[in-house]
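Could you slot chain B onto chain A? The hints should help.
Protein sequence lines correspond, in order, to chains A and B. Take 1 as the starting number for the first sequence in UniProt numbering and just add one per residue. Take 1 as the starting number for the second sequence in UniProt numbering and just add one per residue.
If you're looking for bench data, these hints aren't it; they were derived computationally from the structure. Treat the hints with care, since some could be wrong.
To be verified - Below, a list of computed lysine to aspartate or glutamate pairs in the EDC-like style, where the Cα atoms sit at most 16 Å apart:
#, chain 1, residue 1, chain 2, residue 2
1, B, 113, B, 58
2, B, 6, B, 33
3, A, 70, A, 20
4, B, 44, B, 33
5, A, 55, B, 63
6, B, 174, B, 137
7, A, 70, B, 65
8, A, 52, B, 63
9, B, 25, B, 58
10, A, 70, B, 64
11, A, 51, B, 64
12, B, 109, B, 58
13, A, 70, B, 66
14, B, 171, B, 15
15, A, 51, B, 58
16, B, 2, B, 33
17, A, 52, A, 9
18, B, 3, B, 33
19, A, 70, B, 63
20, B, 3, B, 28
21, A, 51, B, 66
22, A, 90, A, 9
23, A, 51, B, 62
24, A, 70, B, 62
25, A, 51, B, 65
26, A, 70, B, 69
27, B, 36, B, 15
28, B, 25, B, 64
29, A, 51, B, 49
30, A, 52, B, 58
31, B, 6, B, 28
Stated by the list, open to error - Footprint (simulated), chain B over chain A, 3 or more residues, beta carbon under 8 Å:
#, segment
32, 17-31
33, 45-54
A virtual CB, placed ideally from N, CA and C, is assigned to each residue, including glycine.
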Amino acid sequence: MKSLEQLTDSVFYIMAAFTEPRHGYAVMSLVEEITNGEVNIGPASLYTIIKKLIKQEYVELFDDANSRRKVYVLTERGREILQADIERRKTMVQFAEDGLNKGRVQ
Amino acid sequence: MKKTYKISNGLAFFEQKDLQMLREKAAEGWMVESFKGGLYTFTKSGPEDVIFSIDYHELTPEDEEEYCDLFAAAGWTHVYSHTGIHLFKAVPGTPPIYSDAASKTDQVKRTAKPVYIVTIAALLFTIIALAFMKLAEGFLNQAGKIGFFISIVLFIPMLMTSMALFIQLLKVNKSSKN
Numbered sequence: 001m002k003s004l005e006q007l008t009d010s011v012f013y014i015m016a017a018f019t020e021p022r023h024g025y026a027v028m029s030l031v032e033e034i035t036n037g038e039v040n041i042g043p044a045s046l047y048t049i050i051k052k053l054i055k056q057e058y059v060e061l062f063d064d065a066n067s068r069r070k071v072y073v074l075t076e077r078g079r080e081i082l083q084a085d086i087e088r089r090k091t092m093v094q095f096a097e098d099g100l101n102k103g104r105v106q
Numbered sequence: 001m002k003k004t005y006k007i008s009n010g011l012a013f014f015e016q017k018d019l020q021m022l023r024e025k026a027a028e029g030w031m032v033e034s035f036k037g038g039l040y041t042f043t044k045s046g047p048e049d050v051i052f053s054i055d056y057h058e059l060t061p062e063d064e065e066e067y068c069d070l071f072a073a074a075g076w077t078h079v080y081s082h083t084g085i086h087l088f089k090a091v092p093g094t095p096p097i098y099s100d101a102a103s104k105t106d107q108v109k110r111t112a113k114p115v116y117i118v119t120i121a122a123l124l125f126t127i128i129a130l131a132f133m134k135l136a137e138g139f140l141n142q143a144g145k146i147g148f149f150i151s152i153v154l155f156i157p158m159l160m161t162s163m164a165l166f167i168q169l170l171k172v173n174k175s176s177k178n
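In isolation and in its complexed conformation, chain A is listed as follows (with noise of 0.2 Å):
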């Protein structure tokens, strides 16, 4: 994880969580939910992650004067990140697609 230019997938999970403010330990329980239990994000991954996106200025504390508990959300450059990771990743599923579409060469 030196860089994070091209997200990994856990990377990407944990962003796209925190398009909104959200708790840490909420992430876990969404990405679970949203891939039906096939994802798993464990708990000394997420810390490493929120911290190395905290460092990078990818993800901010979200000011949340109700919450114990520290409460993240995306930065500006945290989106634009995201949201060049969304056009690789699109890229390569168009290309799977097509050649899928092509149907079987004979």
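Just chain B, lined up with the frame of chain A:
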């Protein structure tokens, strides 16, 4: 309170072996209570079928609360923390604390960095002391001899630990490529 003790196999070398040992002790009714200076302390409790995980992070008390909250939400109960080493337990089948190789690599690198620094420092000390031993006379020669023995005693275990961490890093790197 009845207590028993066990020496660690060395976390850099045999982390899994230690965690398995903690699991066996828990099944026998000895729950690990603390881990300090390579020594585990156990207290007598009812037998428990639990698995253990260990993580390494230098945390401020405020961060530690958040960190333990995350683990608790994932089913991992905090057991003990000391000098950036954190021990957790969970029921068998709980998903692992590291779910992707990239962040596991980060963890090993973070742990390895200070070890590498001390190893290099010990090596430099050894060389300097050796130079005094060979080149200087009288008092400096004596000081060199003493310094050499002290630094070599420090250097050899540090070098072994560095190598163990380096091998661990190669292993996780390999698994992240597969």
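Here is how each hint holds up against the structure:
1. With a CA separation close to 13 Å, the supplied pair residue 113 of chain B and residue 58 of chain B stays within the 16 Å bound.
2. Among the hinted pairs, residue 6 of chain B with residue 33 of chain B is consistent with the structure: their alpha-carbon atoms are about 12 Å apart, no more than 16 Å.
3. Pair hint residue 70 of chain A plus residue 20 of chain A holds up; C-alpha atoms about 13 Å apart against a cutoff of 16 Å.
4. For the proposed pair residue 44 of chain B and residue 33 of chain B, the alpha carbon gap of about 10 Å is at most 16 Å, so the pair holds.
5. The suggested pairing of residue 55 of chain A with residue 63 of chain B holds, with an alpha-carbon distance near 15 Å, which does not exceed 16 Å.
6. Among the hinted pairs, residue 174 of chain B with residue 137 of chain B is inconsistent with the structure: their alpha-carbon atoms are about 51 Å apart, more than 16 Å.
7. Restraint check for residue 70 of chain A and residue 65 of chain B: the C-alpha separation of about 10 Å stays at or below 16 Å, so the hint holds.
8. Proximity of residue 52 of chain A to residue 63 of chain B is assessed by CA-CA distance (about 14 Å); at most 16 Å being required, the pair is judged to hold.
9. Taking the CA atoms of residue 25 of chain B and residue 58 of chain B, the gap is near 28 Å; set against the 16 Å cutoff, the hint is violated.
10. Taken as a hint, the residue 70 of chain A and residue 64 of chain B pair is honoured in the structure, with Cα atoms around 12 Å apart against an allowance of 16 Å.
11. A distance of roughly 13 Å separates the Cα atoms of residue 51 of chain A and residue 64 of chain B; the hinted pair therefore holds under the 16 Å criterion.
12. A hinted pair counts as satisfied when its Cα atoms are at most 16 Å apart, and residue 109 of chain B with residue 58 of chain B qualifies at roughly 13 Å.
13. Of the pairs offered as hints, the one joining residue 70 of chain A and residue 66 of chain B holds, with about 7 Å between alpha carbons and a cut-off of 16 Å not exceeded.
14. Straight-line distance between C-alpha atoms of residue 171 of chain B and residue 15 of chain B comes to about 14 Å, which keeps the hinted pair within the 16 Å bound.
15. A threshold of 16 Å between alpha carbons decides the hint, and for residue 51 of chain A with residue 58 of chain B the separation of about 12 Å falls inside it, so the pair holds.
16. Using a Cα cut-off of 16 Å, the hinted pair residue 2 of chain B and residue 33 of chain B holds, with the two alpha carbons roughly 12 Å apart.
17. For a cut-off of 16 Å, the pair hint linking residue 52 of chain A to residue 9 of chain A stands: about 15 Å separates their Cα positions.
18. Restraint check for residue 3 of chain B and residue 33 of chain B: the C-alpha separation of about 9 Å stays at or below 16 Å, so the hint holds.
19. Only pairs whose Cα atoms come within 16 Å are accepted, and residue 70 of chain A paired with residue 63 of chain B is accepted, the gap being roughly 10 Å.
20. Simply put, residue 3 of chain B and residue 28 of chain B have alpha-carbon atoms about 13 Å apart, close enough for the 16 Å limit, and the pair holds.
21. Distance restraint check for residue 51 of chain A and residue 66 of chain B: the Cα-Cα separation of roughly 12 Å lies within the 16 Å cut-off, and the hinted pair is therefore satisfied.
22. Pair hint residue 90 of chain A plus residue 9 of chain A holds up; C-alpha atoms about 14 Å apart against a cutoff of 16 Å.
23. Between residue 51 of chain A and residue 62 of chain B the alpha-carbon distance is near 14 Å, which keeps this suggested pair within the 16 Å criterion.
24. With a C-alpha separation of about 10 Å, the suggested pairing of residue 70 of chain A with residue 62 of chain B holds against the 16 Å cut-off.
25. As the CA atoms of residue 51 of chain A and residue 65 of chain B are separated by approximately 15 Å, the hinted pair is consistent with the 16 Å bound.
26. Under the criterion of a C-alpha separation no larger than 16 Å, the hint pairing residue 70 of chain A with residue 69 of chain B is consistent with the structure, at around 11 Å.
27. Of the supplied pair hints, the one linking residue 36 of chain B and residue 15 of chain B holds, its CA atoms being roughly 15 Å apart against a limit of 16 Å.
28. Proximity of residue 25 of chain B to residue 64 of chain B is assessed by CA-CA distance (about 27 Å); at most 16 Å being required, the pair is judged violated.
29. Taken as a hint, the residue 51 of chain A and residue 49 of chain B pair is broken in the structure, with Cα atoms around 33 Å apart against an allowance of 16 Å.
30. A threshold of 16 Å between alpha carbons decides the hint, and for residue 52 of chain A with residue 58 of chain B the separation of about 14 Å falls inside it, so the pair holds.
31. Under the criterion of a C-alpha separation no larger than 16 Å, the hint pairing residue 6 of chain B with residue 28 of chain B is consistent with the structure, at around 14 Å.
32. With 4 residues having a beta carbon nearer than 8 Å to a beta carbon of chain B, the segment 17-31 of chain A meets the requirement of three or more and the stated coverage holds.
33. Restraint check on the segment 45-54 of chain A versus chain B: 6 residues with Cβ-Cβ distances below 8 Å, three needed, restraint holds.
Hint violations for this structure: numbers 6, 9, 28 and 29, all remaining hints satisfied.
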